[in-house]
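In the order they appear, the protein sequences are chains X and W. So the number in the working numbering is just where the residue sits in the first sequence, counting from 1, plus 1. So the number in the working numbering is just where the residue sits in the second sequence, counting from 1, plus 16.
These aren't lab readings, by the way, just hints derived from the structure by calculation. For each residue, glycine too, the CB sits at the ideal point set by N, CA and C. Any given hint could be a false lead.
[As the list claims (entries may be wrong)] A partial selection of chain X residues facing chain W, derived with a Cβ cut-off under 7 Å:
{"hint": "1", "residue": "Leu76"}
{"hint": "2", "residue": "Arg85"}
{"hint": "3", "residue": "Lys88"}
{"hint": "4", "residue": "Ile101"}
{"hint": "5", "residue": "Leu112"}
{"hint": "6", "residue": "Ala115"}
{"hint": "7", "residue": "Gly118"}
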Amino acid sequence: MTAIVAASALTRRYGEGDVAVDALAGIDIEFEAGRFAAIMGPSGSGKSTLMHLLAGLDRPTSGTVTLEGIELATLDDRALTMLRREKVGFIFQTFNLLPILDARENITLPLSIAGNGADKAWFDRLIDTVGIRDRLHHRPAQLSGGQQQRVAVARALISRPAVVFADEPTGNLDSTAGGEVLDLLRRAVDDFGQTVVMVSHDAHAASHADRLIVLADGRVVHDGEALSADGVLDLMKSLKT
Amino acid sequence: MSRVVVRGFFARRLRAFLTGIAIALGVALMSGTYILTDTINHSFAAIFNTGARGRSVVVTPHQGLGSTAAVQTATINEATLAKVRKVPGVAVASGEVFTTVSLFADGKRLNKNAPSFVGSTLPARFENFSAVQGRLPSSGTEVAIDQATAQRYALKVGETLRVAGASAAVDYRIGGIVKFAGATSFGGAGVAVLTLPQAQRVASEPGAFDELVVAASPSVSDKDLRARIRAVLPHTLDVRTGLQEAAQQTSDLENQLGFLRTFLLIFAYVALFVGAFIIFNTFSITVAQRTREFGLLRMLGATRGQIVRSVVAEGVMLGLGGAILGLLGGLALAPGLDQLFKAFGADLPDSGTVIEFRTVWVSLLAGTVVTVIAGLLPALRASRVTPIAAMREGVSLTEKGVRSHMRRRIGIGVIVAAVLLRVVLELRSGAGIVTIVVIVAIVLLWRVPQSRARIKAAFSAVIVALARLLARPLELRGIVGRLARDNTIRHPGRTAATAMALMIGLALVSLISVLAAGTKASINNAIDASFAGDLILSNSSAAGNTGIPTEIPAAVRAIPGVSSVTAIAFTEGRVKGIGGNASITALDPASFSRVYRIDWDKGSNASLEGLGTTGTVLTKGFANAHHLHVGARLSVQTPSGQRVTLSVRGIATDNARLLADLTITLPLARTAFNQRTDAVDFVSYAPGVSNSQVQPTVNRLLAARFPQTQSQTAAQFKTSLGGQINSLLALIYVLLALSVIVSLFGIVNTLVLSIFERTRELGMLRAIGTTKRQVRQMIRYESVLTALVGGVLGIVLGIVIAAILAGTALSGSGFVFVVPPITMVVLFVLAGLAGLIAAAWPARRAASVDILAALATE
Numbered sequence: 002m003t004a005i006v007a008a009s010a011l012t013r014r015y016g017e018g019d020v021a022v023d024a025l026a027g028i029d030i031e032f033e034a035g036r037f038a039a040i041m042g043p044s045g046s047g048k049s050t051l052m053h054l055l056a057g058l059d060r061p062t063s064g065t066v067t068l069e070g071i072e073l074a075t076l077d078d079r080a081l082t083m084l085r086r087e088k089v090g091f092i093f094q095t096f097n098l099l100p101i102l103d104a105r106e107n108i109t110l111p112l113s114i115a116g117n118g119a120d121k122a123w124f125d126r127l128i129d130t131v132g133i134r135d136r137l138h139h140r141p142a143q144l145s146g147g148q149q150q151r152v153a154v155a156r157a158l159i160s161r162p163a164v165v166f167a168d169e170p171t172g173n174l175d176s177t178a179g180g181e182v183l184d185l186l187r188r189a190v191d192d193f194g195q196t197v198v199m200v201s202h203d204a205h206a207a208s209h210a211d212r213l214i215v216l217a218d219g220r221v222v223h224d225g226e227a228l229s230a231d232g233v234l235d236l237m238k239s240l241k242t
Numbered sequence: 017m018s019r020v021v022v023r024g025f026f027a028r029r030l031r032a033f034l035t036g037i038a039i040a041l042g043v044a045l046m047s048g049t050y051i052l053t054d055t056i057n058h059s060f061a062a063i064f065n066t067g068a069r070g071r072s073v074v075v076t077p078h079q080g081l082g083s084t085a086a087v088q089t090a091t092i093n094e095a096t097l098a099k100v101r102k103v104p105g106v107a108v109a110s111g112e113v114f115t116t117v118s119l120f121a122d123g124k125r126l127n128k129n130a131p132s133f134v135g136s137t138l139p140a141r142f143e144n145f146s147a148v149q150g151r152l153p154s155s156g157t158e159v160a161i162d163q164a165t166a167q168r169y170a171l172k173v174g175e176t177l178r179v180a181g182a183s184a185a186v187d188y189r190i191g192g193i194v195k196f197a198g199a200t201s202f203g204g205a206g207v208a209v210l211t212l213p214q215a216q217r218v219a220s221e222p223g224a225f226d227e228l229v230v231a232a233s234p235s236v237s238d239k240d241l242r243a244r245i246r247a248v249l250p251h252t253l254d255v256r257t258g259l260q261e262a263a264q265q266t267s268d269l270e271n272q273l274g275f276l277r278t279f280l281l282i283f284a285y286v287a288l289f290v291g292a293f294i295i296f297n298t299f300s301i302t303v304a305q306r307t308r309e310f311g312l313l314r315m316l317g318a319t320r321g322q323i324v325r326s327v328v329a330e331g332v333m334l335g336l337g338g339a340i341l342g343l344l345g346g347l348a349l350a351p352g353l354d355q356l357f358k359a360f361g362a363d364l365p366d367s368g369t370v371i372e373f374r375t376v377w378v379s380l381l382a383g384t385v386v387t388v389i390a391g392l393l394p395a396l397r398a399s400r401v402t403p404i405a406a407m408r409e410g411v412s413l414t415e416k417g418v419r420s421h422m423r424r425r426i427g428i429g430v431i432v433a434a435v436l437l438r439v440v441l442e443l444r445s446g447a448g449i450v451t452i453v454v455i456v457a458i459v460l461l462w463r464v465p466q467s468r469a470r471i472k473a474a475f476s477a478v479i480v481a482l483a484r485l486l487a488r489p490l491e492l493r494g495i496v497g498r499l500a501r502d503n504t505i506r507h508p509g510r511t512a513a514t515a516m517a518l519m520i521g522l523a524l525v526s527l528i529s530v531l532a533a534g535t536k537a538s539i540n541n542a543i544d545a546s547f548a549g550d551l552i553l554s555n556s557s558a559a560g561n562t563g564i565p566t567e568i569p570a571a572v573r574a575i576p577g578v579s580s581v582t583a584i585a586f587t588e589g590r591v592k593g594i595g596g597n598a599s600i601t602a603l604d605p606a607s608f609s610r611v612y613r614i615d616w617d618k619g620s621n622a623s624l625e626g627l628g629t630t631g632t633v634l635t636k637g638f639a640n641a642h643h644l645h646v647g648a649r650l651s652v653q654t655p656s657g658q659r660v661t662l663s664v665r666g667i668a669t670d671n672a673r674l675l676a677d678l679t680i681t682l683p684l685a686r687t688a689f690n691q692r693t694d695a696v697d698f699v700s701y702a703p704g705v706s707n708s709q710v711q712p713t714v715n716r717l718l719a720a721r722f723p724q725t726q727s728q729t730a731a732q733f734k735t736s737l738g739g740q741i742n743s744l745l746a747l748i749y750v751l752l753a754l755s756v757i758v759s760l761f762g763i764v765n766t767l768v769l770s771i772f773e774r775t776r777e778l779g780m781l782r783a784i785g786t787t788k789r790q791v792r793q794m795i796r797y798e799s800v801l802t803a804l805v806g807g808v809l810g811i812v813l814g815i816v817i818a819a820i821l822a823g824t825a826l827s828g829s830g831f832v833f834v835v836p837p838i839t840m841v842v843l844f845v846l847a848g849l850a851g852l853i854a855a856a857w858p859a860r861r862a863a864s865v866d867i868l869a870a871l872a873t874e
């Protein structure tokens, strides 16, 4: 299986001299197509930084990131923007929907930005999958947190990106709504063959993934098959000691 | 993407409205100016076109000095009329007199705010007036008066009308009330119709005419007849067909009223400039507040260009919306401006409302372009938001400069846009050049990063220090006062931009008040230093360039106690080799030098007394500007088209500005320059005679024979000059008030935006026990503080600019630099009040924040 996203010898240093902090201290990692990977780690472990670098939102201090074989360092801002537009989807902890647009418009926003129309069949399938057909004309303020995040999932999938990055997608949701969102991500991988990379520190969320990566102090300390929620917790405990 | 823009725009419609108003007010003044001046021009055109009735050809003296020169034109004599009558194809030719006069009824001056005219009766085929009541004058004792004036002053047939022109006043019996063909309104002007000999007498033009009107025989076309008459007349006379003459009069009038348009447009530009500040500020704040939104859009694949375009598109919508609002406002404002001018003594004809297509597109373009330019920098800043910003809490935008090539592009873009706008708008107006220079200077200065950073830092420091100082009294108000102060200096840049909008208006007010005070003081000084006489006689009306009769000196000299009277007249001439018209003072050297001390640079009173009809004295400024020395010979073209050669006999400095560029003798002015009236007479008393013994007698004489003339002592003259300056000042203040109102919207806008930003903070304050009243107070203090910062900066800036002017452009002119303290205190208080008014609504809004909801917002 070929890697959709790959990083090698990736480092990211913030600040200079004495106050320099190595958020990432040399990471080599690959993500295969059609798999659901969870990245875990305590605060400050570098998981968010890794995700930003993989998505081309930030530039590494050294090392390379390739997305679908394209080396991100070679791209200028405009090309990076185009790459994000076509190949990357995002899901945020705080949903980040535009309050001025309704659910349907939020979902198709990435296509609108690119000046493309929506694939009707794909759109219909997506909204049925995320289950918000009856909420399409509601503004975010009129939706519950779970509904908002489902809209955000649909938005991330609408352009059939090569990879979806999810940053703590359940962090602001109760367990029921969170479970629904995780099921959705699972189905995106299983039914649509979507590649998903999720950053989380919720063991339950990580248990929905196919693969578990644990970071600590800017390094990968565990990389293996996914575990149950309890298994994840046990692993985390064992890593701490 | 465009949907995001449109939705966003309407979602923030309150903000959009407030910001749009900032542009709308400037545009309203602009379109109102165009509508008013177009209306006036069209009304005059209608009058002139109606007046061309029955006239195949019109002969007028050539205006060699242009239509805007304040001179008496030459007259046409009877021999010329006889010559025209002999031209084959002429059916009827008549001479006509049309002159500016003063009209009186029951001892009261009529039509104070507009000129009054006397016209002579004409053969029926030329006559434009028809009697509504009574008849046109048929004898030398009768006059007919226009209907509007008759109605305004309740004049009836049989009553007495006193007409004072270039000679002693004469009473006529009103024999008829007439209306002008086409029933066009003359505005506030009045017309009295006299028989030709009487009109000539009033104008002091016996046997002469102001124009000849000619009707062609049926077989001859107007054009052919014009050519035939042209062939027999000298080139000191213009020969036009009736229609050409009407067109010429219309365009002359447009030229003369051009200053009015320019004058008003300057204030419109100032208001637009202030509006631009507010747009810039509002956009900067909203862009900062929408950082996460822009970050999200960037993350979802929006390019920088798309972000810039989205903000610019918002600017276009806002600008266009504001401009449309302004255009409508202009329609409402035009009559208001008209009333304003009436109140300040200029009652011009205005029938209907004329909206030229040019008014529409210029207004829309100006409003939109100004808004877009003001929104450009914030738009570029928005494009620098990184995608990660979408994921962070409370990120603030980096204040990093725009990349240099971008900056260069913006700089050039702004300059090009400004220049284009100016060129497109009005090629002839001087105000535009100032605008361009200012814009270019700002852009150039701004383009140097170091200077920009330094300016910004220094300015912020000044703002903070000033706010702290002004906030001193607030410290007595406890924590609310402290919070208000800290909130004001929390974003010095924002406070600065908000305060600067107010600063611009107040700086102009303060500058003008200092200049006016200085002008008054310098004139007073100059009069004290130069004028040695006792009375100054002049026309009591400021409307129209009406002089006083030349018969006055002889009549006043006969009054016991008067030792001498000297007459002074003003005219203009065109000096060969020097562009434009030179102003000319004409006087009687012998009697003049006895009542007026001249500060001689070269020459002496003897040089003045030896002028004769071949010499002239120059003022120092004129001599220096054109490198002229004593002994130089000037070839001067007079208003009547003659050329006289004058040799320079002396050079003088005159801070009272009584001596114009050139000074000549009265006899020369009366002949070569055709000057038939005087401007002022200086009266001196015999030694030992007191004013109370003479002035009443002088006044009685003036009231009886020269009612348009008033007598003033030096003190009275200074007071009335001061009064004139004050009324001009009041007019300027009223027009500048608009800019100040615009800046009020800026304060409201900034307050509302910062309240929105601080929703959570306000909720917290309320939660821990701050009362609604305290919140309202806090916002009010913030507003007053911002306004006072702007006020102080404006007042100081105005004074500084005035001081610079006094030290450079005005140095050597006798200008006295005086700061009127009361005006400055009033300005300061007004600035504070403005802040209070601006805070009224935002304060209520802040106080009504729902505590729980506010705490829940991020």
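Mind checking the CB of X/Lys88 against every CB in chain W and telling me if the closest is under 7 Å?
This hint is violated: X/Lys88 lies away from chain W, its Cβ roughly 9 Å from the closest one there, beyond 7 Å.
Proposed interface contact between X/Leu76 and chain W, which counts if any beta carbon pair is under 7 Å
Violated, about 13 Å.
Given hint X/Gly118 near chain W, where the shortest CB pair must fall under 7 Å:
Violated, about 13 Å.
Hint check, X/Ile101 versus chain W [nearest Cβ-Cβ separation less than 7 Å]:
4 Å, holds
Please check whether X/Leu112 passes as an interface residue: C-beta within 7 Å of a C-beta belonging to chain W.
9 Å, violated
Can the hint on X/Arg85 be confirmed by a CB-to-CB distance to chain W that is less than 7 Å?
Holds, because the Cβ-Cβ distance from X/Arg85 to chain W comes to roughly 5 Å (cut-off 7 Å).
Interface hint check: X/Ala115, Cβ to nearest Cβ on chain W, cutoff 7 Å. Holds or violated?
6 Å, holds
Going through the hint list in order, the structure does not satisfy hints 1, 3, 5, 7.
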